[in-house]
Each structure stands twice: as C-alpha cells, then as structure tokens.
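Colleague: Given the coordinates of chain R, assemble chain Z onto it according to the supplied hints.
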Amino acid sequence: MAETKTLYELAKVLRSKNSGPFELTMDVIFDNKDYYEKVKNSGIITKELVCKLYNIEEKDISTLVFFDPAMAFKVTIRRPIDSGSIGETDVYGAQQHAPLMGVVIPM
Amino acid sequence: MKELKILSPCGILGYGYPKESFYNGLSKKPDIIAVDAGSTDAGPHKLGAGVGIVSKKAAKKDLELMIQAGYDLNIPVIVGSAGGSGAKPHVEWTMAVIKEILEEKKLKMKTAIVWADIDKNYIKKKMAENKVHPMNYVPELTEEALDKTTSVVAQMGHEPIIKALEEGAQIIVAGRAYDPSVFAAYPIMKGFDAGLAYHLGKILECGALCCEPGTTKDCMMGYLREDHFLLEPLNPNRKCYVSSVAAHTLYEKDHPYFLHGPGFALDLSNCKFEQHADGVVKVSGSKLIKKPYTVKLEGSAKVAYRTLVIGGTRDPIAIQNIDDIQNEIREQVAAYFDDIPRTDYQILFHLYGRDGVMGQLEPVKTPAHELGIVMEVIASTQELANTICASARSTLMHFPYKGRKATAGNIALLYSPSDIEFGPVYKFTVYHLMDIEDPCELFPTEFVEI
Numbered sequence: 001m002a003e004t005k006t007l008y009e010l011a012k013v014l015r016s017k018n019s020g021p022f023e024l025t026m027d028v029i030f031d032n033k034d035y036y037e038k039v040k041n042s043g044i045i046t047k048e049l050v051c052k053l054y055n056i057e058e059k060d061i062s063t064l065v066f067f068d069p070a071m072a073f074k075v076t077i078r079r080p081i082d083s084g085s086i087g088e089t090d091v092y093g094a095q096q097h098a099p100l101m102g103v104v105i106p107m
Numbered sequence: 001m002k003e004l005k006i007l008s009p010c011g012i013l014g015y016g017y018p019k020e021s022f023y024n025g026l027s028k029k030p031d032i033i034a035v036d037a038g039s040t041d042a043g044p045h046k047l048g049a050g051v052g053i054v055s056k057k058a059a060k061k062d063l064e065l066m067i068q069a070g071y072d073l074n075i076p077v078i079v080g081s082a083g084g085s086g087a088k089p090h091v092e093w094t095m096a097v098i099k100e101i102l103e104e105k106k107l108k109m110k111t112a113i114v115w116a117d118i119d120k121n122y123i124k125k126k127m128a129e130n131k132v133h134p135m136n137y138v139p140e141l142t143e144e145a146l147d148k149t150t151s152v153v154a155q156m157g158h159e160p161i162i163k164a165l166e167e168g169a170q171i172i173v174a175g176r177a178y179d180p181s182v183f184a185a186y187p188i189m190k191g192f193d194a195g196l197a198y199h200l201g202k203i204l205e206c207g208a209l210c211c212e213p214g215t216t217k218d219c220m221m222g223y224l225r226e227d228h229f230l231l232e233p234l235n236p237n238r239k240c241y242v243s244s245v246a247a248h249t250l251y252e253k254d255h256p257y258f259l260h261g262p263g264f265a266l267d268l269s270n271c272k273f274e275q276h277a278d279g280v281v282k283v284s285g286s287k288l289i290k291k292p293y294t295v296k297l298e299g300s301a302k303v304a305y306r307t308l309v310i311g312g313t314r315d316p317i318a319i320q321n322i323d324d325i326q327n328e329i330r331e332q333v334a335a336y337f338d339d340i341p342r343t344d345y346q347i348l349f350h351l352y353g354r355d356g357v358m359g360q361l362e363p364v365k366t367p368a369h370e371l372g373i374v375m376e377v378i379a380s381t382q383e384l385a386n387t388i389c390a391s392a393r394s395t396l397m398h399f400p401y402k403g404r405k406a407t408a409g410n411i412a413l414l415y416s417p418s419d420i421e422f423g424p425v426y427k428f429t430v431y432h433l434m435d436i437e438d439p440c441e442l443f444p445t446e447f448v449e450i
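The listed protein sequences correspond, in order, to chains R and Z. For the first sequence, position 44 matches number 44 in the working numbering, and the numbering has no gaps at all. For the second sequence, position 118 matches number 118 in the working numbering, and the numbering has no gaps at all.
A couple of the hints might just be wrong.
[Said to hold, decoys possible] Per label pair, the in silico range of CB-to-CB distance: (1) Z:A412 x R:V91: 21 to 31 Å; (2) Z:A335 x R:S42: 34 to 44 Å; (3) Z:L73 x R:Y8: 39 to 49 Å; (4) R:V91 x Z:E212: 22 to 32 Å.
For the record, the hints were derived by calculation from the structure and aren't laboratory data. Ideal Cβ positions, reconstructed from N, Cα and C, are used throughout, including at glycine.
Chain R on its own, in the form it takes in the complex:
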C-alpha cells in the first residue's frame, strides 16, 4: 500500500477566517516544497471535494486556487449566514477549517 498523509500532517498552517461578512476563506499553507507539490499535483483538491466536505454546492465556492509564491492554496466559500446575523455561529469565521484537516493525500 502506498503511504498517505492527511492535510493536517502536511500543512504548516490550516485556518479559516472571514473574508468580509459574507464569505469564509480557508488557507492551507505548506513550508515543505515537496509536500506542497504533492498536494497540488494530487488532483484531490477540487471543487467537488470542497462541496462534499462542507455540504455545499459549486456555486457557493468563489475561489479555489493554488499560490506558488506562498506554497499555499485558498478556498473561499459563501457563508451560510452573514457574520453576526440571526442564527449565525462563528462571527470571525475562525473555526470552519476542520473538515479540510482529514483530507488524505498519497505520498
């Protein structure tokens, strides 16, 4: 069996935050070029995956892009409820990253 690692194991930073009150943005940042390239080239980080992880539809994803200078990828999605509004649960959007942590990447 080929070895695998989770994004949690590979990333240096894996976080979420508001990008304005109507969007959430997740940053996954690496400090190891080999890890970054493996994740980028794995073909696993797709809009389909994000939809599955967050129970959302593709139209709710505004950005999914890799950024080589930072060895990072970013996912920006629609907030189900705008920050601080009735029924909303994470004003700063700081705790919406966990579903990405378990994504498995073949090494």
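Modeller: Using the frame of chain R, we list chain Z on its own:
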C-alpha cells in the same frame, strides 16, 4: 537611494504594543506612523450601535506614544477606520481621546478629520442610476433595507488622506478606510510605486502578524524603495520569513493574488519574496492595475432583540431525541401564546458537541456524550424575547420527551438567573460597491482647532 520608512505600531489601535519595539522603531527615524483601527470582523454590532472595538483607556495608551513621537520627529501620524467602524460616533470618540492627549501634553498639532459617512439619499440617487452593486453573495440593495440602516460608511482610498496631508495635517483621523490606504497614502504622495505601497500597507495594517511568532500586538517597520520593499520586525524576538510574509498576503482575502481596493486591483501573481537578511524579507513585483473607481459601502441595521439561556445535557436519551425536543418546545410555546403571531419571534438552538460551531456546514453528525445547549429567542421587542424565552426555558426543563427516565429536569442550567437579556441584534444590510467619479467627493476633510 530613494527610501521611505513606515512604522506600524500594532494591528488594531488599542490592541497595545511593547514600548521597547516602538522606541526601537523611532531610533530608525520613520517618515510616518500609521495604524489601522478598524475591522468588520466583530460583526455588524459595532457599526450599528456606534461603539468601538477597544476601550478608551487602551486607545489612549497606544495613541499617547504615537502622538508624542509624531511631534518629536515632526512626522505625520495617521489613524484609519477610527474607532473601529469609522462612522461619525467612532471618529468623534477617537477625536476626544486625541484632544485629551494634546491638552495633557500641551502639544499643538494640526489635526484633520477625514469623514467617511455617506448620506443615504445620495446612495438612493446612485441606486436609481444603477451605480450600486452587491458584493459577492450579497443581495441587491433595496430602499427598504437602506431605510432601516442606522449608518452607512464607505471605505476611502489614499486620495482623501493625501489631500489632508497636502493641506499640512500632522495628525489625520480618517473615518472608514480601505485598511492599507492609511499606509499607502504618504508614499504615493511622495511618488513611490502605488502597487508596492499598497502591498506593503496590506501587510503592515496587521502589525507584526506577518512574523514568526506572529501577533497584531507588536510593531513593524516597512522600508519602501523604488522597486521593492523590506519588512523588519521591531522586536528581536520575532522574525520575518518568506513563508510567513507570503502566507500573510493571503490573510482574510477572498483571493490569494488579486486584491480589490478603491479604484484598483492589486496583482500579486508575479510577486517575489526573498530572505533579505536575518528576519528581514524583501518583496518585489506587486502590481497595481487601475480600475473604474468604486468604493465599498458598509451599513448595519438593528433588526431584533435577543434573550438567551445557556445549559447542557448529559443524558443519552435526551441527546438522541434532541431534534424532537427542539420542535416540541416550539410547538408548545406557540400553543400557549396563541395570541402572538409566530412570525414575531424565533426560538433557535445551538448544540455544542454536535454542530454548534459549524451549523449547516458541519459534515460530522454524530453527537458527543454531552451537549452544550444555547437556546436563544429572537423577537421584535426585548420584552417579547424575554417572555418567550422564559416560557421556552421552563418547557425545555420539564418537557417529557420520548423514553425519558430523568423526570426531574432536562437541562443543566449554567446560571441563576438563567435567562440572559442580550439586547439588540444587528445585521449588515449594506455591503455594496458604489461607482463614483472623484475619489475625494465623499470624504470631506475638516481641520480641528485643539
């Protein structure tokens, strides 16, 4: 060599910074001290209620050193998004603090306010001309939503700040501003590259967050040169690395290398990050692309009142039936208050240990062995919220759910009294772009005699 030095004391005015770092920065003779005081991160309440993010004491503590330094070195001190949200009450609050400092220290400094409040009638006129556009995932602005809105501000660019600088301001208190604008204004006025100035501003506006260890509560120096800039932490215990600076460029933005500001987009796709010296990072290649001029409008409205109860359950049967319990409580309360329309209030549950943090985004549906329960009632008046909450709480406590064995009570209430009157609830009703012709037209300068 052409060079300009910008001292950023901290990420939000009033978050505090070590004096040693600040004095270290002063010893390097900065050309300007700038700080961002604002954010929409704390939600719509600050703008709607006209209150700040930090205490007056904290804002004063931070400003005292900055103003004294501005006076001693004869350099401009610029505060952006004053008071947090940058509307009139926030600007006035900041001005009162500055006035106190100048009087106590017996200093005379030419002080300018740049206002950022936008008249709602002006916005309506722009709406009629089809010049107001929603941000991503935001509904179209309606006159009705605008009428409900307490106050509207717009994020200014560097132009109104340059105008105040050209008129000789030594202290500038800007209302709501695009966060990097207060850092970019002075260098752009001095003829430096706007792309580099804005990229540097984007990093400096968070204080030392681009370092390792990163924090908003420490000072940074930015050295802007002709074709690059350098970032240097002013605390020897922090260092800038290529990874920490590049990573910070992504922070709180929807896209990693296209950033949108008033009248431009910043293209960072060809940026180069290099380790210049120990702890110092060099950045080049940031490009500014001019766009038709738009400003971002922000507005908040009071929409309801809230009363809440905090408690929990450790009972496996209750946890298994928790969805039925919620629905039954809503039904029983509605049946009891059959004279109150159900549209006048909502009973909401946040179940910590199941999906309290992520709500509908949560992929894991298995509950933990105990659940934290926050039950909140949202209603059109505080009195109604209190009334419904009291009834819903006693129903929650004693409701005989299916299979119950613990007949003495269903919830561990955290406090006595159990019901917490929260007060008004706000909502961002305006988060739109507005096309304008002149970058300064909405942001008047006012010089204040102190």
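Colleague: All hints, please: hold or fail.
Modeller: Going down the list of hints, with the structure as the test:
1. Z:A412 x R:V91: 21 to 31 Å: 26 Å, holds
2. Z:A335 x R:S42: 34 to 44 Å: Taking Cβ atoms as reference, A335 of chain Z and S42 of chain R lie about 55 Å apart, which means the hint is violated.
3. Z:L73 x R:Y8: 39 to 49 Å: Roughly 47 Å apart at Cβ, these two residues keep to the hinted range, so it holds.
4. R:V91 x Z:E212: 22 to 32 Å: Holds: the Cβ-Cβ distance is about 27 Å, inside 22 to 32 Å.
Checked against the numbered hints given earlier, the structure breaks only hint 2 and satisfies all the rest.
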